[in-house]
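Novice: Listed below, chain by chain, are the residues.
Protein chains: 2
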Amino acid sequence: MRMKHLFSGLCALFCFNSLQAQYNQPYSPVVHNDGSVTFYLHAPQAKKVEVAGQFQAGSTLLTRNADGMWSATVKPLEADIYPYHFVIDGIKVPDSGNPLYFPNENFKSSLLEIPNSEALYTVNSVPHGKVHYCTYYSSILQQHRTMVIYTPAEYETSPQKKYPVFYLISGTTDTEETWYKAGRAHTILDNLIARKQAEPMIVVMPYGYMNNGTPGPSTPEATGMYQTFSREMTECIMPYVEKNFRTFNDRHHRAIAGFSRGGGQSMFTALTHPDKFGWLGSYSAYLTPQVMDKFFPDLKATSSQLHMLWMCVGTSDFLYKDVISNQQYFDKKGIKYQLVTRKGNHTWMHARYCLTETCKQLFKRK
Amino acid sequence: MRMKHLFSGLCALFCFNSLQAQYNQPYSPVVHNDGSVTFYLHAPQAKKVEVAGQFQAGSTLLTRNADGMWSATVKPLEADIYPYHFVIDGIKVPDSGNPLYFPNENFKSSLLEIPNSEALYTVNSVPHGKVHYCTYYSSILQQHRTMVIYTPAEYETSPQKKYPVFYLISGTTDTEETWYKAGRAHTILDNLIARKQAEPMIVVMPYGYMNNGTPGPSTPEATGMYQTFSREMTECIMPYVEKNFRTFNDRHHRAIAGFSRGGGQSMFTALTHPDKFGWLGSYSAYLTPQVMDKFFPDLKATSSQLHMLWMCVGTSDFLYKDVISNQQYFDKKGIKYQLVTRKGNHTWMHARYCLTETCKQLFKRK
Numbered sequence: 001m002r003m004k005h006l007f008s009g010l011c012a013l014f015c016f017n018s019l020q021a022q023y024n025q026p027y028s029p030v031v032h033n034d035g036s037v038t039f040y041l042h043a044p045q046a047k048k049v050e051v052a053g054q055f056q057a058g059s060t061l062l063t064r065n066a067d068g069m070w071s072a073t074v075k076p077l078e079a080d081i082y083p084y085h086f087v088i089d090g091i092k093v094p095d096s097g098n099p100l101y102f103p104n105e106n107f108k109s110s111l112l113e114i115p116n117s118e119a120l121y122t123v124n125s126v127p128h129g130k131v132h133y134c135t136y137y138s139s140i141l142q143q144h145r146t147m148v149i150y151t152p153a154e155y156e157t158s159p160q161k162k163y164p165v166f167y168l169i170s171g172t173t174d175t176e177e178t179w180y181k182a183g184r185a186h187t188i189l190d191n192l193i194a195r196k197q198a199e200p201m202i203v204v205m206p207y208g209y210m211n212n213g214t215p216g217p218s219t220p221e222a223t224g225m226y227q228t229f230s231r232e233m234t235e236c237i238m239p240y241v242e243k244n245f246r247t248f249n250d251r252h253h254r255a256i257a258g259f260s261r262g263g264g265q266s267m268f269t270a271l272t273h274p275d276k277f278g279w280l281g282s283y284s285a286y287l288t289p290q291v292m293d294k295f296f297p298d299l300k301a302t303s304s305q306l307h308m309l310w311m312c313v314g315t316s317d318f319l320y321k322d323v324i325s326n327q328q329y330f331d332k333k334g335i336k337y338q339l340v341t342r343k344g345n346h347t348w349m350h351a352r353y354c355l356t357e358t359c360k361q362l363f364k365r366k
Numbered sequence: 001m002r003m004k005h006l007f008s009g010l011c012a013l014f015c016f017n018s019l020q021a022q023y024n025q026p027y028s029p030v031v032h033n034d035g036s037v038t039f040y041l042h043a044p045q046a047k048k049v050e051v052a053g054q055f056q057a058g059s060t061l062l063t064r065n066a067d068g069m070w071s072a073t074v075k076p077l078e079a080d081i082y083p084y085h086f087v088i089d090g091i092k093v094p095d096s097g098n099p100l101y102f103p104n105e106n107f108k109s110s111l112l113e114i115p116n117s118e119a120l121y122t123v124n125s126v127p128h129g130k131v132h133y134c135t136y137y138s139s140i141l142q143q144h145r146t147m148v149i150y151t152p153a154e155y156e157t158s159p160q161k162k163y164p165v166f167y168l169i170s171g172t173t174d175t176e177e178t179w180y181k182a183g184r185a186h187t188i189l190d191n192l193i194a195r196k197q198a199e200p201m202i203v204v205m206p207y208g209y210m211n212n213g214t215p216g217p218s219t220p221e222a223t224g225m226y227q228t229f230s231r232e233m234t235e236c237i238m239p240y241v242e243k244n245f246r247t248f249n250d251r252h253h254r255a256i257a258g259f260s261r262g263g264g265q266s267m268f269t270a271l272t273h274p275d276k277f278g279w280l281g282s283y284s285a286y287l288t289p290q291v292m293d294k295f296f297p298d299l300k301a302t303s304s305q306l307h308m309l310w311m312c313v314g315t316s317d318f319l320y321k322d323v324i325s326n327q328q329y330f331d332k333k334g335i336k337y338q339l340v341t342r343k344g345n346h347t348w349m350h351a352r353y354c355l356t357e358t359c360k361q362l363f364k365r366k
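For the protein sequence lines, the chains are A and B, in the order given.
In terms of my numbering, the first sequence has 53 at position 53, counting the first letter as 1, and numbering is strictly consecutive.
In terms of my numbering, the second sequence has 305 at position 305, counting the first letter as 1, and numbering is strictly consecutive.
One should not assume that every hint holds.
Identical copies go unnamed one by one, so any copy, or any two together, can satisfy a pair.
[What the hints assert, rightly or not] Derived DMTMM-like pairs (lysine to aspartate or glutamate); straight-line CA-CA distance at most 20 Å:
1. Lys92 with Asp67
2. Lys130 with Glu156
3. Lys243 with Glu156
4. Lys47 with Asp89
5. Lys48 with Asp89
6. Lys276 with Asp298
7. Lys196 with Glu156
The set of hints was computed from the structure by calculation and includes no laboratory data.
Predicted model, so just to flag it, every value in this text is computed and none were measured.
Bound-form chain A, shown alone (with noise of 0.2 Å):
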């Protein structure tokens, strides 16, 4: 314990200080001020520590100190948010040393934000909406779930007003707090409405898992998910939402998107009722063309009520060559769609950027 106060007190000298950072004895990892990062482990008795993390390809090895305490410092890495982990002797696991994680099904990872003043992330001196986690019932799903609901500032002095409302999907494995404890979507929409960037909205961020299993977009089996999410979102968490916090009920004000899984859950909601969603987006997801032509004959007049129809992937993404082939469907069938492909992978870095783009977009009609 005195090493971990040790490092504690070397943070203090060292380190940015987040305004995010709330938390006790962050004493890994520390983020010094050119950005670069240094992480530490007091574990004795291992053999081999390295660090996995999203800001790099593999792995970096750690060393160890007389006294059992193991760091590694990487180059300087972009303004970000990144998921890592320890691997120590070949296991997997989280950084104690770090109040912030990932929400997951399965492992949850550690969370290194690098603090950068100007980032949509940083907790900001702007109006704060508030994030509601709520239980509901799922007649389809016959259970309670939980689901998480951003309210923008402005909710609670405006209270004749009613708003816009963006349902956001998070990927497979991810959990309905996904979107916003690794996505941030709270702080992002507090400050880019505090900077006139976004249209004041509610944000719905429910749990994705549809019981069926985890069936790739690919896959018969993918079907029945998105039949099911299609009809949990309508006939559940929608109701629910329109009850409980003051929104417009139209299909102008109604937004869906999502990241990974939740793209296509998002893609096959809105084409399958455009009468109720007039705003799409599609994170790194794809639908594929025999799911099209069976759901959706009439794409193209489907598709042309909807005010957007976004796409973004990353060029080294898994799923790069399948959103590329979901676009060439797209042309051939003459949809109008963006399709914004740059550097990057299947990650929440990625995750964020989209989200970000599309609320700029959501809810401004020409």
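Here the structure of chain A is known, so what remains is to put chain B in place on it, guided by the hints.
Specialist: For chain B alone, kept in the frame of chain A given last:
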């Protein structure tokens, strides 16, 4: 991954389905009908795997099958929620099979929930309150902080009504999320209110760390920590809550209680501000005679204004003797209090019991 699906299937066949267990693939732990529990871990290269948790003293060895899947079954457990973790070759790790986790500044345990339809931590078909994550600026600590706030179900449907407020503080290394996610304060309140055993109330769960290290309750440094907390509570947290929620703003409608460090903070704050708090609970916590002599010379008069001064400690708690000394001090001074001693340790199972018992008393004036 094949093994995982197999065990997921076994779980679906044999284990309880908790209403709370909305998540995909909880392949470990598996709770059997008799309340015994099997833990699974896939670690083909591990040499020794143990499970340690607050449901037992010490740890239990897991045994390995030919596929590298380790497992161990522990004897039937009393219905409760237990923090636990694995130890793989001496390294402490959470259970990646389990979506449920214990929010903490440092190591985040997994949570084993024994399903039980009668338990107050079970999400039942009763009206559900909401849990709000709120960002505020602390002028005392000069940083943005998050607090977690529960509003009862009827808060939304009775928009003219005001509510009493219960400030509920967690302990050392806990965060503002611990009373929510490990304490299940929201579900306990939902159920107690539905059973008419508790008054509808707002519950405010702030982060208790005061940016001055972690002084033990008997150290001189604790005094500064208590004083800072008392100011943070009355100058930052309460004004935020009373501005943002519909609250009764008098001592008869304000309670404060906490577990461990939070219990000491609560006692110090309520006794410093008897004009502001009418109800006080101290769970597994105490103040030293030195602190009480110095700060509360008129303790009998001060404490006599309280509608409730409730203390509770487990007989195996490492602070048991200190709480008894606190009791003796109160006796010597002629202070009226309630003290419950019961089988138990310094655990969150005990903390949930304390919460339940105080909620049954709060805001019911004779």
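Novice: With identical chains, the pair lysine 47 and aspartate 89 could be close in the same copy or across copies; at 20 Å between alpha carbons, which is it: within, between, both, or neither?
Specialist: The answer is both: 6 Å in one copy and 11 Å across copies each meet 20 Å.
Novice: With identical chains treated as interchangeable, where does the CA-CA distance between lysine 276 and aspartate 298 reach 20 Å or less: within a copy, between copies, both, or neither?
Specialist: Within one copy only: 17 Å inside a chain, 65 Å across chains, cut-off 20 Å.
Novice: Is it within a copy, between copies, both, or neither that the alpha carbon of lysine 130 lies no farther than 20 Å from that of glutamate 156?
Specialist: both (9 Å within a copy, 15 Å between copies)
Novice: Using 20 Å as the alpha carbon limit, work out where lysine 196 and glutamate 156 are close: within a copy, between copies, both or neither.
Specialist: within (18 Å within a copy, 30 Å between copies)
Novice: Is it within, between, both, or neither for lysine 92 and aspartate 67, if the alpha carbons may be no more than 20 Å apart?
Specialist: Between copies only: 19 Å across chains, 22 Å inside a chain, cut-off 20 Å.
Novice: Are the CA atoms of lysine 48 and aspartate 89 at most 20 Å apart within a copy, between copies, both, or neither?
Specialist: Cα proximity of lysine 48 and aspartate 89: in one copy and across copies (5 Å, 13 Å).
Novice: Between copies, within a copy, both or neither: which fits lysine 243 and glutamate 156 at Cα up to 20 Å?
Specialist: both (17 Å within a copy, 10 Å between copies)
Going through the hint list in order, the structure satisfies each hint without exception.
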